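K.L.:
Single-letter residue listing:
There are 4 protein chains.
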Amino acid sequence: MGMVGGGKDAFIGAVHRSAAALDGKIELVCGAFSSSPEKSKASGKELFLPEDRVYGSYEEMIEKEKALPEGERMDFVSIVTPNYLHFPPAKLALENGFHVVCDKPMTYNLDEAKELEKLVEKSGLLFALTHNYTGYPMVKQARDMVKDGKIGKIRKIVVEYPQGWLAEKLEETGQKQASWRMDPKKAGIASCMGDIGTHAENLSEFITGVKISEMCADLHTFVEGRTLEDDGNILLKFENGASGVLHASQISIGEENNLNIRVYGEKGGLEWRQQEPNTLVLKYNDKPMEVYRTGAGFGFLSENALLHTRVPAGHPEGFIEAFANIYRNFALTLGAKLEGEKPDPKYYDFPTVHDGVRGMAFLESTVESSKSDKKWTKFKS
Amino acid sequence: MGMVGGGKDAFIGAVHRSAAALDGKIELVCGAFSSSPEKSKASGKELFLPEDRVYGSYEEMIEKEKALPEGERMDFVSIVTPNYLHFPPAKLALENGFHVVCDKPMTYNLDEAKELEKLVEKSGLLFALTHNYTGYPMVKQARDMVKDGKIGKIRKIVVEYPQGWLAEKLEETGQKQASWRMDPKKAGIASCMGDIGTHAENLSEFITGVKISEMCADLHTFVEGRTLEDDGNILLKFENGASGVLHASQISIGEENNLNIRVYGEKGGLEWRQQEPNTLVLKYNDKPMEVYRTGAGFGFLSENALLHTRVPAGHPEGFIEAFANIYRNFALTLGAKLEGEKPDPKYYDFPTVHDGVRGMAFLESTVESSKSDKKWTKFKS
Amino acid sequence: MGMVGGGKDAFIGAVHRSAAALDGKIELVCGAFSSSPEKSKASGKELFLPEDRVYGSYEEMIEKEKALPEGERMDFVSIVTPNYLHFPPAKLALENGFHVVCDKPMTYNLDEAKELEKLVEKSGLLFALTHNYTGYPMVKQARDMVKDGKIGKIRKIVVEYPQGWLAEKLEETGQKQASWRMDPKKAGIASCMGDIGTHAENLSEFITGVKISEMCADLHTFVEGRTLEDDGNILLKFENGASGVLHASQISIGEENNLNIRVYGEKGGLEWRQQEPNTLVLKYNDKPMEVYRTGAGFGFLSENALLHTRVPAGHPEGFIEAFANIYRNFALTLGAKLEGEKPDPKYYDFPTVHDGVRGMAFLESTVESSKSDKKWTKFKS
Amino acid sequence: MGMVGGGKDAFIGAVHRSAAALDGKIELVCGAFSSSPEKSKASGKELFLPEDRVYGSYEEMIEKEKALPEGERMDFVSIVTPNYLHFPPAKLALENGFHVVCDKPMTYNLDEAKELEKLVEKSGLLFALTHNYTGYPMVKQARDMVKDGKIGKIRKIVVEYPQGWLAEKLEETGQKQASWRMDPKKAGIASCMGDIGTHAENLSEFITGVKISEMCADLHTFVEGRTLEDDGNILLKFENGASGVLHASQISIGEENNLNIRVYGEKGGLEWRQQEPNTLVLKYNDKPMEVYRTGAGFGFLSENALLHTRVPAGHPEGFIEAFANIYRNFALTLGAKLEGEKPDPKYYDFPTVHDGVRGMAFLESTVESSKSDKKWTKFKS
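Residue numbers (my numbering), protein chains in the order written: chain A, 17 to 397; chain B, 17 to 397; chain C, 17 to 397; chain D, 17 to 397.
Think of the hints as simulated: they come from the structure by calculation, not from any bench.
Computed from a predicted structure; not experimentally measured.
One or more hints might be untrue.
It does not matter which identical chain is used: a pair holds within one copy or between any two.
Heads up, simulated DSS-like pairs for lysine-lysine below, C-alpha to C-alpha not over 27 Å straight-line [stated by the list, open to error]:
{"id": "1", "residue 1": "Lys80", "residue 2": "Lys390"}
{"id": "2", "residue 1": "Lys138", "residue 2": "Lys390"}
{"id": "3", "residue 1": "Lys390", "residue 2": "Lys227"}
{"id": "4", "residue 1": "Lys166", "residue 2": "Lys303"}
{"id": "5", "residue 1": "Lys362", "residue 2": "Lys24"}
{"id": "6", "residue 1": "Lys138", "residue 2": "Lys82"}
{"id": "7", "residue 1": "Lys130", "residue 2": "Lys24"}
{"id": "8", "residue 1": "Lys163", "residue 2": "Lys303"}
{"id": "9", "residue 1": "Lys192", "residue 2": "Lys283"}
{"id": "10", "residue 1": "Lys303", "residue 2": "Lys192"}
{"id": "11", "residue 1": "Lys185", "residue 2": "Lys283"}
{"id": "12", "residue 1": "Lys394", "residue 2": "Lys192"}
{"id": "13", "residue 1": "Lys57", "residue 2": "Lys353"}
{"id": "14", "residue 1": "Lys353", "residue 2": "Lys61"}
{"id": "15", "residue 1": "Lys303", "residue 2": "Lys169"}
{"id": "16", "residue 1": "Lys283", "residue 2": "Lys303"}
{"id": "17", "residue 1": "Lys163", "residue 2": "Lys185"}
{"id": "18", "residue 1": "Lys387", "residue 2": "Lys227"}
{"id": "19", "residue 1": "Lys82", "residue 2": "Lys192"}
{"id": "20", "residue 1": "Lys107", "residue 2": "Lys358"}
{"id": "21", "residue 1": "Lys166", "residue 2": "Lys283"}
{"id": "22", "residue 1": "Lys253", "residue 2": "Lys394"}
{"id": "23", "residue 1": "Lys387", "residue 2": "Lys169"}
{"id": "24", "residue 1": "Lys253", "residue 2": "Lys185"}
{"id": "25", "residue 1": "Lys166", "residue 2": "Lys358"}
{"id": "26", "residue 1": "Lys41", "residue 2": "Lys24"}
So that you can see chain A by itself, here it is in the shape it has in the complex (with noise of 0.2 Å):
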């Protein structure tokens, strides 16, 4: 793995690495961790990278690598750069053949994700998108469930994501996180959405398995001074009939990473929360509600919740583990990929560049939403 981004300072880079790390089938072995070649260079000797692998841009390492033997060059790109820094490196290691991971919301904007989409088409190469809650063994448990008919069709779901740590104006304190999610340049049409409601859209539609065809979104920016919306709540229609509510926030003072999702079919009831995410809870009319838990000592749970898991019940898995769970996934779709093997459907279960054009769309069609006085918006396609 080499990787664009993720230097001293960047909290997601971090959890990448410990994420690849986790399972010991992931090797980071070079990376431009930052468009400034001195910061990379440090970078990467405190991780102890061999210096003529670390790299001052990702052009640089693209090139480099991809001059060196067979087996030697790295066979992956983690991309882990802010928003609008993501297509251009996607771009240029497909381009090259390399694989790549990238993190999300996809790209900057919805054309450089349909153009994106095309080149991983046209490459066959593999290309994962870092929706992470969705490696969560209990949102495997679900999305099992609901595929198996367990709480029947499908006529409400609530997905939530709501974070209190931009109720102050955090991005004028010198705070690298906020500062480019706010910065439109860097973030794109959206911060709240961007950051975290294509979570809550992805993950509503990978439990579900419906998906989103009609939009009424009312954003919202309370703190003075910022370009981009902090909060926002969208009432959502379903391509099967099913309706919704999405809302998510930057602003929910005391809130930490609180998205969670319920969907109610016409048989049963299902609820997760991301910050106790190894529970799930399946509620009926007629029987005791359920309450699942992630552990791999128990006969009952899905084949996908298992395979997910690394540890006995109560032992809780987290936020790292879920995050390892899409790396594991590639890890080992591309080793069979690169062993000239099918990969196995199994793992082969990890976000796409699909999910990223619909993440973009999701975004575009949420900001139009918002300024029309019309109510309803098709989602784009």
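Model the placement of chains B, C and D on the given structure of chain A, informed by the hints.
P.N.:
The following block gives chains B, C and D in isolation, referenced to the frame of chain A:
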């Protein structure tokens, strides 16, 4: 107290009687418990009432009670009939000098509500509307903390009221509670929003002290063959600039009576959930979450919270106790009034005819908004 | 109902009155509310009782009520005094033909308890002991499930009752509840174990149906200057071979009224917590946890659970409702008896004088064990 | 790092490897993964190790690694074998100048533990014992708050460790984890208390800083045919006068890995539960409960809590992260030592050989107490 409605099989009548009895300040002295005189008699007998004070109709009750000497006649009427039978007995009671406690939604439509408001104002009589959830001690605590500025200027309100009991067509099984609620002749223009949505609306305004100004509603009927909606999602604007989400449902299968609210201000957030009503959570960015709990023994609760509490902390107070707080306050206020004293504002703390008007305006605005293609509809006044 | 004790400032008297009033089946008709005749009169007035039925002493009450014509006199006595004043009025009531409801622990010592048991047996009168926690619907459900073999043969029982209200020397501040509970002349040989430990003992035997046979107690007095214990931990052996732990405390600071129990059998485990009394959790190794919830609307609860429930699921029932279940059952059983009918075993379901004897034996065994150097002490019989 | 044990099918070996890898500071360079050289080879291959550093025995590993040039050889040994195989490789490693990380309980018996302690002291080498639960950020926070006097002088400690996975005779099904834990030749004199009871003992002393002085143990074997105990309840006395309860179980059916602790002092109480490890509750009599949560973003956590946290609040950290904190601290301390620097006490914060001696003393005292008729047995030293 004389009761209108609440005969055998009625759910809410028994709740009203228990609530009225709990504190030993109110005595049930007469009733017209059913539109069938025989059923009314039977119910009265079960309640140990003397035969001559069990009436065949509310008209008879009001006429005969009025004829009794002062001190013997009932002091007030409690109306616990289906929605379409709230207005006629309330009107008659007020016109004949009786105070009124009435279930919600207050009337069949907004016009009736406004007429009732005028009647109350003209008569100077007391009128309590049983938005019982505002009777919980922790709801009082929440309101008091908002008023004291503990969470700062309010930015966002999320209020939910999911239930699942009507996920199937229960009204066709002869279940009385379901039947009238799904019958537009008895329930009015809304089912879900009238039965529970108004509670959510009332609770959000009660706690925050700010009023809804505009709404964007999306109502649904999921169970085939129903005339009225069984689910609805609403985006809200509040007069102070806050945004909000209100959703209520009768088809969120597996949900019991899950009214809950989260309010986020500039300095803190609060969360209250009716199913665990003795807990109020305060959230901050800069200090640990605080958990306030109902309980007479502690010194840090608001005076109002303590005034509506009967037992020490950890002795759970529930639905009936909260309901009883409305009755207890009504009785104390009425007692003062009857003694010619000025009612104590600490006890003159129950929903009134004005809340009832607002609730009916909410219903008519919601239904209008749901039919509209425009995003925003003004809250009727 | 005539009440002994429960004047102004008394906590538990008001609870008994509310509990008795809740279901409209019991009327407070007289009382001797205080050892001070003046205070008794004042309390009676506040309760809207006629002056001639507010008595200066329980002896007077029993004598004068007995002299009233049948149908006018009280049917039973409710005793809500401090422990040392349970036995004398109970004895006198029974000797004069009055049924009795009595607070716990039943008497001042085991000898009194056994004498009372004989009196009850000889008289054929009804006697209810208000181990109120057994009145909760989910406690009935737990008992019924154990009886039905749902969790198999019982192996381990953990029952806790931590409180924190006496972490400081509250009895020196004039707080009445604290004063008599820490006074060995009024409370008996134990404070913490008498006030709350007996509830834990009673609950564990009620739910499991197995009896404690031996114990190893370690009682403590943490607050200096106290004569009685304010904390205690006990190892238990049960007759069926199960092991157990019981601990109770008045100095577990910050704890409210945290009675809870976990029972583990060969097939499953159950957990119930009084502070959230409407939830009962069933745990298994081979299927998901099940959460049972109080609520009249569902079809899968035990008949007994439903019989002790007033409102639909999600409308929380609390401490007073559970307490009221004891009174309601007592009233229905008494009613049947007065009508010459055979009491319905569904309602003849409340703690009796035998539970009271067992509670006093528990206290004396516990104190003996705590003083002993031997590990195990037999449960007195 | 060279690993002893942890071949295929071993649960804890994989955890150790993930924990060591998580922060990119430790590399697995060699191993003797099984007593069968073939299995060891196979495991080494799966772990991408070069063949010549996969050894057939720990003796071979230590000998050959020692022969490698400095800088190439492993820095320390990680021992993840069953209990009876901790001492021999630990001793050999220390005698040959290798630092050691060892799983718990530290040895087969107390004598071995004391010998190891002497070896560590004499050699000046680092020794970490993986009482991993002390690695959780909120456990650090709890310890720091107790040390800072936040809850005052400690009065009562309740520590529990219920599991249910051995409620049936799993060891007869060929399940490897169960087999050796129930075999006295491999596990030692205790099963339940050795495997999990010691964690509870260690946690209680770690958080409170006070030592157990006496105990009264009641151990049980519920599943027929077992030699070792599968459940146990213990009353505790602490050196400072506090009292305590410790119970642990492998037959508490339906329980996962429910280690939890409550500590009550004179000013406040705290509660931590391993299954939701990112939450620490502080309880008071005179102010609302406070909920502390793991999270790098907040300013009010202790320095130590923050140092052991990787991601912002609401991004759950779990079992592996806590485990990794032991390894990370060991690596940083070892790094300083290798550089000739004084280890930073902030990182020299992991359980050592002294905790291991104490754990073995706990086991021997517990078993002795359980066999005794006397109530109290001194904690061996």
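K.L.:
Does each hint fit the structure? Answer for all of them.
P.N.:
A quick look at each hint next to the structure:
Within a single copy, Lys80 and Lys390 get their C-alpha atoms no closer than 52 Å, and across copies no closer than 57 Å, so neither meets the 27 Å cut-off. In this homomeric assembly, Lys138 and Lys390 never come within 27 Å of each other (Cα to Cα): the closest approach is 39 Å inside a single copy and 43 Å across copies. In this homomeric assembly, Lys390 and Lys227 come within 27 Å of each other (Cα to Cα) both inside a single copy, at 21 Å, and across copies, at 24 Å. In this assembly of identical chains, Lys166 and Lys303 lie within 27 Å of each other by CA distance both inside one copy and across copies; the values are 13 Å within and 15 Å between.
Only between protomers do Lys362 and Lys24 lie at most 27 Å apart by alpha-carbon distance; the minimum there is 21 Å, versus 35 Å within a single protomer. Proximity of Lys138 and Lys82 under a CA criterion of 27 Å is satisfied intra-copy only: 19 Å inside one chain copy versus 53 Å between copies. In the homo-oligomer, the alpha carbons of Lys130 and Lys24 never lie at most 27 Å apart, since the shortest distance is 32 Å inside one protomer and 44 Å across protomers. Within a single copy, Lys163 and Lys303 get their C-alpha atoms as close as 21 Å, and across copies as close as 20 Å, so both meet the 27 Å cut-off.
Proximity of Lys192 and Lys283 under a CA criterion of 27 Å is satisfied inter-copy only: 23 Å between copies versus 46 Å inside one chain copy. In the homo-oligomer, the alpha carbons of Lys303 and Lys192 lie at most 27 Å apart only across protomers (22 Å), although the nearest pairing inside one protomer, at 49 Å, exceeds that limit. Only between protomers do Lys185 and Lys283 lie at most 27 Å apart by alpha-carbon distance; the minimum there is 13 Å, versus 45 Å within a single protomer. Taking the shortest alpha-carbon separations for Lys394 and Lys192, neither the intra-copy value of 35 Å nor the inter-copy value of 41 Å comes in at or below 27 Å.
In this assembly of identical chains, the alpha carbons of Lys57 and Lys353 lie at most 27 Å apart only when taken from different copies (26 Å versus 32 Å within one copy). Only between protomers do Lys353 and Lys61 lie at most 27 Å apart by alpha-carbon distance; the minimum there is 20 Å, versus 32 Å within a single protomer. Taking the shortest alpha-carbon separations for Lys303 and Lys169, both the intra-copy value of 18 Å and the inter-copy value of 24 Å come in at or below 27 Å. In this assembly of identical chains, Lys283 and Lys303 lie within 27 Å of each other by CA distance both inside one copy and across copies; the values are 11 Å within and 19 Å between.
In this homomeric assembly, Lys163 and Lys185 come within 27 Å of each other (Cα to Cα) only across copies, at 25 Å, whereas the closest approach inside a single copy is 43 Å. In this homomeric assembly, Lys387 and Lys227 come within 27 Å of each other (Cα to Cα) both inside a single copy, at 22 Å, and across copies, at 24 Å. Taking the shortest alpha-carbon separations for Lys82 and Lys192, neither the intra-copy value of 32 Å nor the inter-copy value of 46 Å comes in at or below 27 Å. Taking the closest pair of Cα atoms, Lys107 and Lys358 come within 27 Å of each other only inside a single copy of the chain (25 Å); across copies the shortest separation is 48 Å, beyond that limit.
In this assembly of identical chains, Lys166 and Lys283 lie within 27 Å of each other by CA distance both inside one copy and across copies; the values are 7 Å within and 25 Å between. In this homomeric assembly, Lys253 and Lys394 come within 27 Å of each other (Cα to Cα) both inside a single copy, at 9 Å, and across copies, at 23 Å. Proximity of Lys387 to Lys169 under the C-alpha cut-off of 27 Å is restricted to the inter-copy arrangement: shortest distance 25 Å between copies versus 33 Å within a copy. Taking CA atoms no more than 27 Å apart as the test, Lys253 paired with Lys185 passes between copies only; the shortest distance there is 23 Å, against 34 Å inside one copy.
Taking the shortest alpha-carbon separations for Lys166 and Lys358, neither the intra-copy value of 31 Å nor the inter-copy value of 47 Å comes in at or below 27 Å. In this assembly of identical chains, the alpha carbons of Lys41 and Lys24 lie at most 27 Å apart whether taken from the same copy (24 Å) or from different copies (16 Å).
Going down the numbered hints, you'll see the structure goes against 1, 2, 7, 12, 19 and 25, while the others check out.
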